[in-house]
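These protein sequences, in sequence, are chains A and B. Going by numbering that gives the first Met the number 0, the first residue of the first sequence is number 0, and it counts up by one from there. Going by numbering that gives the first Met the number 0, the first residue of the second sequence is number 0, and it counts up by one from there.
These are computed hints drawn from the structure, not numbers from a lab. Take the hints with a grain of salt, since some may be wrong.
Unchecked claim - With a Cα cut of at most 25 Å, we get these calculated DMTMM-like pairs of lysine to aspartate or glutamate:
no.	chain 1	residue 1	chain 2	residue 2
1	A	K121	B	E210
2	A	K45	B	E51
3	A	K121	B	D84
4	B	K104	A	E188
5	A	K41	B	D28
6	B	K7	A	E8
7	A	K147	B	E95
8	B	K174	B	E204
9	B	K75	A	E125
10	B	K2	A	E125
11	B	K7	B	E23
12	B	K77	B	D28
13	A	K147	B	E62
14	A	K132	B	E62
15	A	K132	B	E51
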Amino acid sequence: MIETLQTLEWHPFLLSFKLAVITTFILFSICLPFAWYLSQTKSKLKPILEAITALPIVLPPSVMGFYILWSLSQNSVIGQFFNDVFGIKLVFNFTSLVIGSCFYSLPFMVQPLQNGFQSINKNMLEASYVAGKSKYVTMLRVALPNIKPAIMTAIIITFAHTIGEFGVILMIGGSIPGETKVASVAIYEFVEVMDYAQAHIYSGIMLVMSFLTLLGVYVFNRSQNNKFMRVQP
Amino acid sequence: MIKIDIKKPLHGALGSMLLNIDLEIKQGDFVALSGVSGSGKTTLLRILAGLEEATGTLQIQNEIWLNEKFSLSPQKRKIGFVFQDYALFPNMSVEENLLYVTKNKPLAKKLLDITNLTQLAKRLPNSLSGGQKQRVSLCRAMMNQPKLLLLDEPLSALDPSLRTKLQGEILALHKEFNTTTIMVSHDPSEMYRLSNRVIVLGNGEIIDDGEAKDVLLKTKGSQKFSFEGELLDIVKVDVINIAIISIGQQLVEVVVSNLEAKSLKIGEVVNVSTKAFTPNIVQS
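If we strip away everything but chain B, and leave its shape as in the complex, we get (with noise of 0.2 Å):
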């Protein structure tokens, strides 16, 4: 069990506000961090990992990490913290990043083989290409065993099909050691994927918290689907009005009355959503 009641008062872009998140994390889980970008995930991470200072208390099984009085040093903690940047050792090797941690030759190389990175083991990080740096990044992360792994954004810097390759080796690597895992992400499908709980923050505070399905699905009652995108244009066609929307990567149109046309403003969040048919699903 990871008990987390922490404050930080935080000056970011968008002004003052405090960190203020009340949690209990049980051992074996895997979290998703999401938010918007200002929330607060990345400054929680750091927090755990004795990063940076904050008060209140920590406590990991029957370990204090953080108190009044005390804070335990980021050497003493046991933890892994993947970086969005990778930030591999350049002077040493694949093999001599993941053993400057401990000098535990077989579990290196139980990892290496579990990320497919064996046979790039004598090769500088600066040699690797984006996903196999993201690699042994998280190897590295193990080789202490960890109590606690924290992923900050791992594979935001990656393209689509490499980051659905690599999120099959977090869940590999955390089926393994089952290690209690701290994931900030962004991708839904992603969350879906490795995490069992997912936890939203808002403005330093915690705004939504459970299980990705619930917390991840848009639509509201009898609604088949549901996006949210962002209202670019309303065009005039005739009589009626053409509503373009952004979703993801994509244009949309939407027939809007001119009631709804007066209603809703250009730059709004809105949500698309359909019921009383069934979409069909076709390959693309």
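So that you can see chain A by itself, here it is in the shape it has in the complex (with noise of 0.2 Å):
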């Protein structure tokens, strides 16, 4: 057991751990204006974004991945243009790891920010522009602060979804040790080749760090909710 906790194979994880990180990021950035736009808009195209959005959620990872597959390919307008252009292949390597990912926990991001958003009065928000404030102030000074229990479920779901990714990233990155082999690939592998204690290792790591992860942002919520209650020092 301790042989083969020392000769432990830490890439997959610190693959996913990075994964996870870059994806949470560019979520962050572009589902914060869109999840605001969508609390505040009247648009009759809402409801369609909102669909949009979720697919994800009810999609296959295998019809995700072979979508994004047959649009980034080489053999695609888009895979080409990247390709001729800038020089960069869109499938089987990392970079394709981030498209994917995007792809597969967007709606993990924008939905608790737009419930978030939602969630607030709307006469907070009127009370700012009667003040004078415009629309993208009063997101920044009146509305984030008071959905921060919403922004850090959503930033904390997203990177462990985007943990627990398996099926569109084996169907787009494949399994190159340092490139593509995320450690949920690395499990399916070692399963395939029924090296099951190398398997329960990593299955281990991977439970018990999702548990703490959720555990986090219960107890996270918890005293976020408390703590407007307090007076201040």
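Using the supplied hints, reconstruct the complex from the two chains, each of which is provided in its own coordinate frame.
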């Protein structure tokens, strides 16, 4: 057992971690204004945008993986363009994992943020407008500080969900050690070759990490809900 | 001078109606806006604030806020708006709530002094009582030195003794800054104390407009007093009938003749009045 731990390959975990950090960062930057827009708009397009955003929750990862592969491979217009102009390949490398994860985890970032923004007292936002503040300033200084639990939930769930990604990654990234072989893919391969000892260790680590992440979210949200009730020192 | 001439179709709980208001308000006036719920009071306030669309014109002094082609955004109107639920920013202290509007520290200090909030300047809104919150909300609305102050039932969530106290503070602020003010209210004593003009809305239109005393006084002719109430029941006792009427928070019994009893319907709104004697006033 100790021997197995000493020879444990940490690369897949680091790769999963790196992928999750980058994906979360990109998604947060894009989804913050998007979620704010969704929460405030009265446009008829809203249900359509919401449905598209939620698609990754219901679609089988293989379907998403297939479409991403189809649209980004070197035979596709987009893939060809990036290859010719920037010399970047968009499939079977780390870049492709980031692109795939951004689609895959999109709803997990958008939905908590949108719910958070929607739960804000409308009068509070209007009080800010009447005070002469633009929508942008209102979002930054009134809306955001009052939805901290939602922001925290969005970031952590997106992060954890990306760590737990498997199907899409396998389809568009394959299993190149150090490049696209993330922890979940590594476990799949261990099981495939019947190396149950390694599979156990990897799975155990994933289980504990995921539990601790979620525990962190709930503990944080609990403390946040009480925070504004306290008197400032 | 504020010139209001607006129209807006409303679809409320009572069906569709047209909000149709044509009104002029003098600079420095304190107008109380009254009327049953659903008559369009809050909508009028929100249209004035630019939070809701309408057709027509709005002119404040020499500035156009609304006409056929143009609607000034709420950000540029320089108004103060006090919401019934205070709508304070929970992430900012009392002082920060005020300074969020403009970084005018002397004004913030002055406002907090007038409303006795100086001690609470560093507190977060959720640690304040309802009355304190509404005072903060009032101060915040005054921070951009508004051309027009709009109060949407500011005191209705507070208990009566607090209300009287806050009415005093609203009055003090109005005296100090002479801001043209429109306040939605249901409370006659509040309207009488604060306003110099009462406008009553009904079904989207102005149905009464005048000095508080004239609009609010319900007595006619030689009546000494007159109260509006709801007829709850008519009970026959021996040869007489007793009508039980709910006036404010109290029940009153009035003897009525058989003929009267037949013409009255349970649940009706009735006026109870007397003449020919002088009512006694004793401290309760």
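Hints versus structure:
no.	hint	result
1	A/K121 x B/E210	violated, 34 Å
2	A/K45 x B/E51	holds, 21 Å
3	A/K121 x B/D84	holds, 11 Å
4	B/K104 x A/E188	violated, 66 Å
5	A/K41 x B/D28	violated, 36 Å
6	B/K7 x A/E8	violated, 70 Å
7	A/K147 x B/E95	holds, 19 Å
8	B/K174 x B/E204	violated, 30 Å
9	B/K75 x A/E125	holds, 13 Å
10	B/K2 x A/E125	holds, 23 Å
11	B/K7 x B/E23	holds, 18 Å
12	B/K77 x B/D28	holds, 17 Å
13	A/K147 x B/E62	violated, 40 Å
14	A/K132 x B/E62	holds, 20 Å
15	A/K132 x B/E51	holds, 17 Å
Checked against the numbered hints above, the structure breaks hints 1, 4, 5, 6, 8 and 13 and satisfies the rest.
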